[in-house]
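Participant: What follows is each chain in one-letter form.
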Amino acid sequence: MANILVYIETKKGEVREFSLEALNTARKVADASGGKVYALLIGKTDGFDETLAHYGADVVLKVTDDKLENYLTVPYAKAVRAAMDKAEAKVFLLSATSLGKDLAPRVAAKFGVPMVSDITGLEYRDGKFEVVKPLYAGKVYGTFELSAEPAIISLRPKIFEKGEPDTSRSTSSEELSVDLTDDDFRAKVLQVKEKETGEIDVTEADIIVSGGRGVKGPEGFELLRQLIDVLNKAGVGKVALGASRVAVDSGWIDHSHQVGQTGKVVAPKLYMAFGISGAIQHLAGMRTSKVIVAVNKDPEAPIFKVADYGIVDDLFKVVPELIKELKEVYKVD
Amino acid sequence: MKILVLLKKVPDTGLTLQVKPDGSDIVRDNITYVINPYDEFAIEEALRIKEKLGDVETVAISVGDEGAKEQIRTALAMGIDRGILVKVDGFWDLDGYTTAMMLKDIIEKEGFDLILTGKMAVDDYNSQVPSYIAEFFNIPQASYIVKLELEGNTAKVERELETGMEEWELPLPAILTCEKGLNEPRYPSLRGIMQAKKKPIDVVEPSVSPAGTFKKVKLAPPPEKAPGKIIDKEFPESVKELVRLLREEAKVL
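Protein chains in written order, with our numbering: chain A, 1 to 333; chain B, 1001 to 1253.
In case anyone wonders, no lab produced these hints; they're calculated from the structure. Take the hints with a grain of salt, since some may be wrong.
Said to hold, decoys possible - No more than 27 Å apart at the CA atoms, straight line, and that leaves these computed lysine-lysine pairs for BS3-like:
no.	chain 1	residue 1	chain 2	residue 2
1	A	K305	B	K1233
2	A	K297	A	K327
3	A	K238	B	K1240
4	A	K128	B	K1215
5	A	K188	B	K1147
Stated by the list, open to error - Computed footprint of chain B on chain A; a stretch qualifies when at least three of its residues, placed anywhere within it, have a C-beta under 8 Å from a C-beta of chain B:
no.	region
6	110-124
7	132-143
8	183-194
9	274-282
10	308-316
What the hints assert, rightly or not - So the derived label-pair ranges between C-beta atoms look like this:
no.	chain 1	residue 1	chain 2	residue 2	range
11	A	D254	B	P1200	36 to 42 Å
12	B	Q1195	A	F316	46 to 52 Å
13	B	V1208	A	R225	47 to 53 Å
14	A	N232	B	K1251	16 to 22 Å
15	B	M1194	A	D66	53 to 59 Å
16	B	Y1187	A	D298	28 to 34 Å
17	B	M1194	A	E161	53 to 59 Å
18	A	K324	B	K1251	19 to 25 Å
19	B	S1209	A	N70	37 to 43 Å
20	B	K1251	A	D298	24 to 30 Å
21	B	K1198	A	K28	57 to 63 Å
22	B	D1025	A	D66	45 to 51 Å
23	A	F316	B	G1164	28 to 34 Å
24	B	I1230	A	F316	15 to 21 Å
C-beta atoms are modelled at their ideal positions from N, C-alpha and C, and glycine is treated no differently.
This is chain B alone, in the form it adopts within the complex (with noise of 0.2 Å):
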């Protein structure tokens, strides 16, 4: 069996971001890096079934510049196999449907039973780039899963949506994408960064580039919010103050 894992870099999450001063982008000068937290659910749970099954070879790819080899590394610490590198930079600029063309050759050459990766990155908010995968494969997909079983040749999956929970069943090839509660990611070991240093990780160059339809106009910081007030009377006057602001000033109650 073979399992791919897409995952991407993305700004660590406990970060203040700011935006150059032409809005041309944030300021990239000493931001850390990560793993995108939800594609980390999705090595894990790659790393889970080649622990069950055995017979699984497990291949990182990721869509990202030649910085992106150190998050790849990670996936190979945390016990990914080897690693792919769609060296492209400024990658964060690219829209979700030319970055799954970027992906979509490599996928090919490699092949695979299951695709896993997050249910979005947290940068950019999309969710895009799986459901585009699903379709140039053909494959059926499920996202927001929070549990996986394979039997066999079948994946059934729990997904989690704001509505409730559904119960899916599809059969590989097929791509799912992971949501927080599927499990809990390791950490790397000593001993798997070491062995991390000798798995490869392959640089290819994309195939494709933007068609031109989906421009980047300018990043702004978030709207400035006016100032609000302490409510500086003394408990429980406090509380009852506070009733009477969200009723009849802000009208919310």
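For reference, chain A alone in the conformation it holds in the complex (with noise of 0.2 Å):
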């Protein structure tokens, strides 16, 4: 087995937790298999190699340019190409995050090859992966074989474990120039516009508080933000607000936070969901959450068979009750 290459994001410097969960990935097929795994960094390139030693790399390469601060799909694209050569890789994991997405397939195209994105599960044997991937957003799961190589393969985020830091693990690490021209540049950044600290995306929430019809409005939402509250000063974790399709459409809340089919795909620990009927659409979205709370005044409605525990009561009652338990509980305001 050749060696992994894995691309890893950073934030606000940091390591993003999505990049860790490949590289510990790519950790353990290395070892099965022999090989070594080179972590790429793309842009700021200071400050984390002990964090990627920790986690798994064996060598960190770096493409250390100030005008690769911000991602631009063409030039980055381009330093994974070059640094695929350099750590004679054979096998290119990454995180599927927007990022992770956008520039994945793009690397494929360089080298001709089909790719598999946003999988679930991952096994290598005898020079080939078997990857699993849920289809229709999770209600039908697939099993596929790639033996294109190199294997490009992009992993869904919080699916797989980023393990525990093994502090007496290091890394060499070396600088990697990448020839960019002008025309790379043709697509230029202006302006990012990084979320308020606190404000969490579905995505990357460890509890999502999520509405549905039974919110009823724009004001149902402001009672579940007061729930995120508490659960934000209780210091339980990422807690991010999640809506069903209706409550997008219906204009009472933005679209960003729709989860389900044709919004956003989440898996956190905890999933709790207020007044949210179950359509299929939406339980394909948010099935694969490890735990799942399910609110709603009709016994009937879908979502209770999904769910691990369920009050069937109206929201507007249980919601304020929970925000007073939590108080006591965990003693914050």
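Taking the hints as your guide, dock the two standalone chains into a single complex.
Facilitator: Written out as structure tokens, the structure reads:
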């Protein structure tokens, strides 16, 4: 087995957790089959070596360049291509974040090979990868075999373990220069507006508090935001606000919160569905959540079929009581 | 100006899908198909550009089976000028690379200033084809756009990411992938539906076939979930019990 290259995303001076998941997955494949793990940093590359070593990198490759501080598809794909050569890698792994989904196929195109995206399971056997990926937003699971060389695979965030850091590990690092021309910078980043601190996207959340038709309007979402506020104060993880398609299409909340087949697919440790009946396309987007709570007045609502814990009651009674209870338990205001 | 819109026929997202007993495919009898919802944003955006600039030709292209003419016809009824079907039976098993290769020849032949398509297809969740095509034609790309302004030969876009928003500027020709929020796709008007009947849909055979390095092994239903419990205590005890269970049993709080 040859070497594996992993693209590492960083944000606000830290390695994104999803990249650690990809790194640890690469480590496991490399351990089982021989070969080295190369972690690739592009743009700002200082200060990540130790973390990357602890999570499995043998070598850190760095394409350090101020012009690459913000992601741009073309020069990044070119950098990955150069890093593949440098690492003599036959496998390229990365997380299927919005960046990863944009980048990976452009790299695959450079090699003229098919790739697999957004997978939830992976096994390496006899020089081939067998991968599992949800289709139709998880209504069906497909098993596929990828024998292309190189094998380019993006991993669905929050599915693969990032593992425990091994602090005894160390890494060497190498600077890699990539020949970039003006032509590679035809697209330009004019502005980056990062989400405000505390505002978590549903795909990044540990806990999602989600509302549907039963929330009845923007005011209902305000109530859910109060619950999120208490959960944040309780310090139980990153909490995000989710919504069903009905709530979004009714204009009660921005579409970036939408969970489902036509929204975002999520896999938090806890998904709390308030006033969501559980249309098939919504269930498709959240059924891989580890624990699901449903609160709905209608005992026949399909959401109860996937819920681990259900309360058949009015959310406008339950949520304020839940806020009160959490404040007591966690001793927060 | 010429705009190509890439679209895909997908099962209606409201459907429950069954897997065939031999795991070879989903049961496709009685399935209703729709235009991939994200591709509808691309169609709508192309139409808005045409309405604004006037001298714009819009072409819808799809890799699909004979039945995919229906989805192309819907795009024509919305207002797209003409359609091209790259006819492939069982197109849902194609990998993104092969699909993009099948589109390559026809795109080359047509020429374009702008290619618009959805950010992903809701059947395979791949988001691959646009990036492959961008590389094949050596053009810049911007994905997940929720805002587009054309100024002469320059596209200014807003991209929506899980980490925030980005504003990009790129020269045409380019390929852009559309995210929900870009626009509100129109429904075909009765007049549009009548006109669409007269608009041409060219059918072409693909010039490539899959390389065989990506293979479907089997399909299966999603993993079963153990049945959950309905908390049968009276309010407000039910809420206390829920918090207790989440902390002590599920250990997620």
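Participant: Does each hint fit the structure? Answer for all of them.
Facilitator: Hints, one by one, checked against the model:
Of the supplied pair hints, the one linking A/K305 and B/K1233 holds, its CA atoms being roughly 19 Å apart against a limit of 27 Å. The suggested pairing of A/K297 with A/K327 holds, with an alpha-carbon distance near 24 Å, which does not exceed 27 Å. Restraint check: the Cα-Cα separation between A/K238 and B/K1240 comes to about 22 Å, which is no more than 27 Å; the hinted pair holds. With a C-alpha separation of about 11 Å, the suggested pairing of A/K128 with B/K1215 holds against the 27 Å cut-off.
Pair hint A/K188 plus B/K1147 holds up; C-alpha atoms about 16 Å apart against a cutoff of 27 Å. Proximity of the region 110-124 of chain A to chain B, defined as three or more residues with a beta carbon under 8 Å from a beta carbon of that chain, is established by the 8 residues found. Restraint check on the region 132-143 of chain A versus chain B: 11 residues with Cβ-Cβ distances below 8 Å, three needed, restraint holds. Interface restraint, the region 183-194 of chain A with chain B: holds (9 residues with C-beta to C-beta distance below 8 Å; minimum three).
For the region 274-282 of chain A, the assignment as covered by chain B holds, since 3 residues bring a beta-carbon within under 8 Å of that chain's beta-carbons and 3 suffice. Given as covered by chain B, the region 308-316 of chain A passes the check, having 6 residues with a CB less than 8 Å from a CB of that chain where 3 are the minimum. Between A/D254 and B/P1200 the CB atoms are about 40 Å apart, so this pair conforms to the stated range of 36 to 42 Å. Between B/Q1195 and A/F316 the CB atoms are about 49 Å apart, so this pair conforms to the stated range of 46 to 52 Å.
Hint check: B/V1208 to A/R225, Cβ distance near 51 Å, so the stated range 47 to 53 Å holds. The hinted range of 16 to 22 Å is satisfied by A/N232 and B/K1251, whose Cβ atoms lie roughly 19 Å apart. The beta-carbon spacing between B/M1194 and A/D66, approximately 57 Å, falls within the hinted interval of 53 to 59 Å. Between B/Y1187 and A/D298 the C-beta distance comes to about 30 Å, which sits within the given range of 28 to 34 Å.
As the Cβ distance of B/M1194 to A/E161 is approximately 57 Å, the hint placing it in 53 to 59 Å holds. The hinted window of 19 to 25 Å between A/K324 and B/K1251 holds, with their beta carbons roughly 22 Å apart. Distance hint check: the CB atoms of B/S1209 and A/N70 are about 39 Å apart, consistent with the given range 37 to 43 Å. The given range of 24 to 30 Å is respected by B/K1251 and A/D298, whose C-beta atoms sit roughly 29 Å from each other.
Separated by about 58 Å at the C-beta atoms, B/K1198 and A/K28 satisfy the suggested range of 57 to 63 Å. Roughly 50 Å separates the CB atoms of B/D1025 and A/D66, a value that falls within the hinted 45 to 51 Å. One distance hint, 28 to 34 Å for the beta-carbon pair A/F316 and B/G1164, holds here, with the actual separation near 32 Å. A C-beta distance of roughly 19 Å is found between B/I1230 and A/F316, which places it inside the suggested range of 15 to 21 Å.
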